[in-house]
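Undergrad: Listed below are the residues making up each chain.
2 protein chains.
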Amino acid sequence: MSTDFHVYDTTMRDGAQQEGINLSVADKLVIARHLDDLGVTHVEGGWPGANPTDTEFFARAATELDLRTATLAAFGSTRKAGGSAASDPQVQGLLDSGAPVITLVAKSHVGHVERALRTTREENLAMITDTVSHLVGQGRTVMVDTEHFFDGYLLDREYALACVRAASDAGAEVVALCDTNGGMLPGQVHDAVADVIASTGARLGIHCHNDTGCAVANTMAAVEAGATHVQGTVNGYGERTGNADLVTVVANLQLKLGMDLVEPYRLQDATRIAHAISEVTNHPPFSRQPYVGAGAFAHKAGLHASAIKVDPDLYQHIEPKAVGNDMRMLVSDMAGRATVELKSREIGVDLDGEDETLARVLARVKTLEQRGYTFDAADASFELLLRREVGAGPTQYAQVESWRAITDVRGADVEALSEATVKVHAGGRRIVATGEGNGPVNALDEALRQALVVVYPEIEQLELIDYRVRILDAAHGTDAVTRVLIETSDGTTSWTTIGVAANIVEASWQALLDGITFGLMRGGVPVR
Amino acid sequence: MSTDFHVYDTTMRDGAQQEGINLSVADKLVIARHLDDLGVTHVEGGWPGANPTDTEFFARAATELDLRTATLAAFGSTRKAGGSAASDPQVQGLLDSGAPVITLVAKSHVGHVERALRTTREENLAMITDTVSHLVGQGRTVMVDTEHFFDGYLLDREYALACVRAASDAGAEVVALCDTNGGMLPGQVHDAVADVIASTGARLGIHCHNDTGCAVANTMAAVEAGATHVQGTVNGYGERTGNADLVTVVANLQLKLGMDLVEPYRLQDATRIAHAISEVTNHPPFSRQPYVGAGAFAHKAGLHASAIKVDPDLYQHIEPKAVGNDMRMLVSDMAGRATVELKSREIGVDLDGEDETLARVLARVKTLEQRGYTFDAADASFELLLRREVGAGPTQYAQVESWRAITDVRGADVEALSEATVKVHAGGRRIVATGEGNGPVNALDEALRQALVVVYPEIEQLELIDYRVRILDAAHGTDAVTRVLIETSDGTTSWTTIGVAANIVEASWQALLDGITFGLMRGGVPVR
Numbered sequence: 001m002s003t004d005f006h007v008y009d010t011t012m013r014d015g016a017q018q019e020g021i022n023l024s025v026a027d028k029l030v031i032a033r034h035l036d037d038l039g040v041t042h043v044e045g046g047w048p049g050a051n052p053t054d055t056e057f058f059a060r061a062a063t064e065l066d067l068r069t070a071t072l073a074a075f076g077s078t079r080k081a082g083g084s085a086a087s088d089p090q091v092q093g094l095l096d097s098g099a100p101v102i103t104l105v106a107k108s109h110v111g112h113v114e115r116a117l118r119t120t121r122e123e124n125l126a127m128i129t130d131t132v133s134h135l136v137g138q139g140r141t142v143m144v145d146t147e148h149f150f151d152g153y154l155l156d157r158e159y160a161l162a163c164v165r166a167a168s169d170a171g172a173e174v175v176a177l178c179d180t181n182g183g184m185l186p187g188q189v190h191d192a193v194a195d196v197i198a199s200t201g202a203r204l205g206i207h208c209h210n211d212t213g214c215a216v217a218n219t220m221a222a223v224e225a226g227a228t229h230v231q232g233t234v235n236g237y238g239e240r241t242g243n244a245d246l247v248t249v250v251a252n253l254q255l256k257l258g259m260d261l262v263e264p265y266r267l268q269d270a271t272r273i274a275h276a277i278s279e280v281t282n283h284p285p286f287s288r289q290p291y292v293g294a295g296a297f298a299h300k301a302g303l304h305a306s307a308i309k310v311d312p313d314l315y316q317h318i319e320p321k322a323v324g325n326d327m328r329m330l331v332s333d334m335a336g337r338a339t340v341e342l343k344s345r346e347i348g349v350d351l352d353g354e355d356e357t358l359a360r361v362l363a364r365v366k367t368l369e370q371r372g373y374t375f376d377a378a379d380a381s382f383e384l385l386l387r388r389e390v391g392a393g394p395t396q397y398a399q400v401e402s403w404r405a406i407t408d409v410r411g412a413d414v415e416a417l418s419e420a421t422v423k424v425h426a427g428g429r430r431i432v433a434t435g436e437g438n439g440p441v442n443a444l445d446e447a448l449r450q451a452l453v454v455v456y457p458e459i460e461q462l463e464l465i466d467y468r469v470r471i472l473d474a475a476h477g478t479d480a481v482t483r484v485l486i487e488t489s490d491g492t493t494s495w496t497t498i499g500v501a502a503n504i505v506e507a508s509w510q511a512l513l514d515g516i517t518f519g520l521m522r523g524g525v526p527v528r
Numbered sequence: 001m002s003t004d005f006h007v008y009d010t011t012m013r014d015g016a017q018q019e020g021i022n023l024s025v026a027d028k029l030v031i032a033r034h035l036d037d038l039g040v041t042h043v044e045g046g047w048p049g050a051n052p053t054d055t056e057f058f059a060r061a062a063t064e065l066d067l068r069t070a071t072l073a074a075f076g077s078t079r080k081a082g083g084s085a086a087s088d089p090q091v092q093g094l095l096d097s098g099a100p101v102i103t104l105v106a107k108s109h110v111g112h113v114e115r116a117l118r119t120t121r122e123e124n125l126a127m128i129t130d131t132v133s134h135l136v137g138q139g140r141t142v143m144v145d146t147e148h149f150f151d152g153y154l155l156d157r158e159y160a161l162a163c164v165r166a167a168s169d170a171g172a173e174v175v176a177l178c179d180t181n182g183g184m185l186p187g188q189v190h191d192a193v194a195d196v197i198a199s200t201g202a203r204l205g206i207h208c209h210n211d212t213g214c215a216v217a218n219t220m221a222a223v224e225a226g227a228t229h230v231q232g233t234v235n236g237y238g239e240r241t242g243n244a245d246l247v248t249v250v251a252n253l254q255l256k257l258g259m260d261l262v263e264p265y266r267l268q269d270a271t272r273i274a275h276a277i278s279e280v281t282n283h284p285p286f287s288r289q290p291y292v293g294a295g296a297f298a299h300k301a302g303l304h305a306s307a308i309k310v311d312p313d314l315y316q317h318i319e320p321k322a323v324g325n326d327m328r329m330l331v332s333d334m335a336g337r338a339t340v341e342l343k344s345r346e347i348g349v350d351l352d353g354e355d356e357t358l359a360r361v362l363a364r365v366k367t368l369e370q371r372g373y374t375f376d377a378a379d380a381s382f383e384l385l386l387r388r389e390v391g392a393g394p395t396q397y398a399q400v401e402s403w404r405a406i407t408d409v410r411g412a413d414v415e416a417l418s419e420a421t422v423k424v425h426a427g428g429r430r431i432v433a434t435g436e437g438n439g440p441v442n443a444l445d446e447a448l449r450q451a452l453v454v455v456y457p458e459i460e461q462l463e464l465i466d467y468r469v470r471i472l473d474a475a476h477g478t479d480a481v482t483r484v485l486i487e488t489s490d491g492t493t494s495w496t497t498i499g500v501a502a503n504i505v506e507a508s509w510q511a512l513l514d515g516i517t518f519g520l521m522r523g524g525v526p527v528r
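Protein sequences, first through last, are from chains A and B. So the first sequence is numbered by the UniProt record's numbering: it starts at 1 and just counts up by one. So the second sequence is numbered by the UniProt record's numbering: it starts at 1 and just counts up by one.
Since the hints were made in silico from the structure, they are not lab data. Fair warning: there could be bad hints in the mix.
What the hints assert, rightly or not - Here's a subset of chain A near chain B, in silico, CB distances under 7 Å, partners left out:
hint	residue
1	Arg68
2	Thr248
3	Ile406
4	Val409
Small disclaimer: the values here were computed from a predicted structure and weren't measured. Yeah, the Cβ is synthetic: ideal placement off N, Cα and C, and Gly gets one too.
Please model the complete structure; the sequences and the hints are all you need to start from.
TA: Below, the structure written as structure tokens:
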């Protein structure tokens with residue numbers, strides 16, 4: 001792999017500045033290992049000294065983290081105005097972290113120097129020179145992030161260039177130009193980067209934010225102009241609109257521009273890694289995310305489906321497996337026979353040539369979609385529908401006699417209680433069970449499990465993990481119908497089922513029952 | 001405004017190809033009006049004839065939709081191979097819709113012509129010429145979307161250009177080049193667009209997808225190369241990774257490149273419109289979305305906060321109000337106090353200088369927000385909170401003794417029934433009332449009205465018009481909390497109240513009760 005090009009990850013530092021992301025030390029250790037798997041060259045772990053969590057992270061990383069590909073970097077800033085790097089406690093904190101690489105944020109925008117730092121142009125240059133050379137003298141590799149670079153360059157080009165030179169001359173390995181406010185467009189970035197290289201000869205990096213929706217494009221433009229160090233975050237986490245999505249950048253550079261940045265097997269792990277990291281941050285993954293999103297290769301339009309039958313490449317820009325993703329056919333009212341056939345193939349039911357069956361299944365799908373069902377969001381319900389139409393069961397583990405759910409509250413400041421009772425026939429017997437929960441659906445779920453667990457102990461593996469409800473009635477006064485989507489997990493994978501009815505609890509019950517049915521069927525459980 | 005530049009919205013056609021988005025006719029009518037408010041020049045409503053929902057949409061639009069800025073467009077395709085446009089039913093369906101503009105998708109990639117359509121290069125050109133001239137002859141304005149254009153152009157430039165010429169020569173007003181698979185990078189798009197303009201002189205449009213994370217940048221690159229028609233969707237909806245986000249594109253072109261596309265007051269409405277449309281699609285808005293995302297101008301880093309105190313422009317690339325958004329400080333109680341003060345002034349409660357009260361209210365808000373309340377989305381609940389804290393009532397019309405809701409079903413194919421009973425004290429008496437509905441919340445609403453109507457007949461003016469529920473639990477296993485937003489109307493205006501609780505019915509009850517309380521208070525109804 002090219003050792004001259006840096007893939008510099010700042011998920012745990014800049015990414016952590018996103019609203020709602022709060023990483024513990026344990027979280028950071030886990031994320032660091034995922035990033036190492038991905039093959040990035042640098043992992044920016046945080047701001048030790050300034051941030052106690054980060055101080056602890058670097059301390060523990062020294063003994064607990066065994067990075068094989070990436071080098072750990074500590075982030076901090078140039079020394080205080082009017083002081084000296086050698087006696088600056090913040091700078092000392094960076095050294096104390098033990099990180100072999102230290103990245104300093106430095107001002108390069110005259111407005112910020114004078115109004116935010118309230119110092120002089122000369123002193124700011126001295127802060128850069130002093131801090132960089134001090135750290136280099138201490139044996140560290142130093143990178144410098146020139147903050148607000150592009151805005152500063154447009155305001156006062158000479159001063160911005162002077163900051164770059166100061167950093168580079170003092171021994172910084174890379175000077176990363178930062179579009180801190182995210183307001184740049186690709187052409188501006190390209191021209192500025194080319195000019196800076198021609199004027200200073202410094203080795204440049206690029207750090208973009210997505211405020212104009214161009215973070216990735218700006219990063220690529222910088223690389224095309226000669227930058228050899230890209231910064232970004234996994235899943236595009238970051239302040240405001242986020243940082244450049246590092247996986248998208250790497251995939252583009254490697255798969256589109258033919259650069260060798262990470263071994264292909266690592267890129268094939270990208271989808272798994274991006275999802276694993278979103279589990280740690282507890283931020284729901286974005287389905288439409290380029291390359292690694294769950295929907296990135298999901299095709300819905302009927303036109304597209306019939307072409308994909310001929311050749312998947314007709315509607316895909318790359319082979320999804322190159323980034324560890326999969327192609328998916330979505331079944332909806334836009335579906336045609338080809339969609340149903342491909343979907344069936346996906347689940348192991350061969351309907352090639354079975355025109356009558358295909359037509360019947362398609363008609364059923366369209367009828368239900370008219371009523372509010374959306375199979376493109378509920379793959380498992382579609383599979384059950386298909387199996388029921390072609391008789392490829394089992395698709396029913398219990399016969400439901402009746403159910404009811406009661407919620408009541410007995411005072412002004414008392415919590416409400418929900419309780420449900422179900423009466424079913426399963427395993428040759430009639431079972432009555434009652435469950436409690438934080439709502440009618442949760443209570444029904446508990447009751448159903450209690451009813452079935454004796455006959456189907458496998459049900460204990462299944463868990464309801466997501467519940468979404470939508471009232472399908474744009475104009476009040478007309479008959480409302482409720483659509484419920486339920487996601488069930490068996491600990492390894494998960495699936496979504498749908499229910500539609502006039503009554504919201506009934507719609508939920510449908511989705512619930514199918515969710516459990518699907519789980520048992522997929523687990524190969526026989527009807528008892 | 002420039003009448004020569006087209007802002008062409010395809011939210012309801014290409015956007016609807018996104019997984020999980022299913023628009024009813026009513027949904028489309030609502031969205032069309034929002035798009036008209038935004039100031040787009042064209043609204044692509046769907047594929048009438050091919051899609052029954054769309055056929056109905058165009059039929060109803062003819063009498064129910066009064067667009068003041070936008071022109072309605074119908075989407076369809078060139079005629080079938082080997083036939084004639086004049087006798088092609090699909091083409092006739094487009095004419096029958098009555099739409100003044102018809103946009104045809106046409107193949108321009110040799111591979112697709114031969115393998116997907118299974119016809120010849122010549123016949124495909126004839127399909128374009130025939131269909132375009134037929135529709136132009138029928139008095140329609142015709143646009144042509146050249147599908148897979150850039151891939152086709154790279155494979156066989158001459159043929160791709162021939163397709164563009166065929167469309168243009170037959171009378172198409174615009175030929176929109178489509179990056180259908182989304183695999184292009186900005187430089188490629190720029191060069192291709194410039195070449196096509198130089199070689200054919202056609203008026204070009206651009207239609208991009210986000211598979212390389214460059215949809216917006218590709219669109220801008222095309223405009224810089226001479227395209228005068230941009231296609232996109234609100235909130236970037238679309239197949240796979242989505243289409244170019246039209247609001248981001250318009251904001252970039254207008255605020256960064258100084259183009260006059262929509263009146264400034266319309267762009268200032270962009271945040272509201274983008275959110276309103278996401279309510280219709282029932283897709284949670286993306287907080288990090290450029291310009292209009294809830295987090296687009298939310299600042300967290302300490303460095304940023306102290307600088308912003310000096311001058312917001314130091315950390316923002318534009319003034320958020322230009323797109324109807326707001327700056328938010330995520331750590332700063334000074335900003336918090338100001339918000340409360342401004343809000344109080346708005347409702348006629350003067351808290352200027354009342355530091356202790358402001359602090360108390362702020363503390364209460366923060367406590368509740370920690371628990372899941374989001375007052376940004378529930379103005380009426382915030383007003384009630386404020387009035388309760390400062391004693392500016394009335395804020396309670398009834399004391400609730402108890403309530404309960406039962407839903408049950410008595411067989412396998414019988415509809416579920418929901419019934420609720422409430423026991424309250426109002427107007428000096430104790431009232432027990434029962435209501436029925438299509439769910440526990442609807443039944444509680446009915447019961448509550450029945451209970452209060454004798455004492456407060458004004459309640460008959462009020463109606464629950466929207467109900468949204470979100471389970472606030474990203475990681476199953478932790479305690480789930482449900483947030484419910486209820487919109488109530490008095491026929492003239494409407495307001496939103498919020499409820500948060502572990503139990504979903506209880507959360508709904510809170511929001512319901514506050515919704516009615518607010519309505520009575522605002523109506524000046526005294527406590528009886």
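Undergrad: Hints first: check each against the structure and report whether it holds.
TA: To see whether the hints hold, each was checked on the structure:
no. : hint   : in the structure
1   : Arg68  : 28 Å, violated
2   : Thr248 : 4 Å, holds
3   : Ile406 : 5 Å, holds
4   : Val409 : 6 Å, holds
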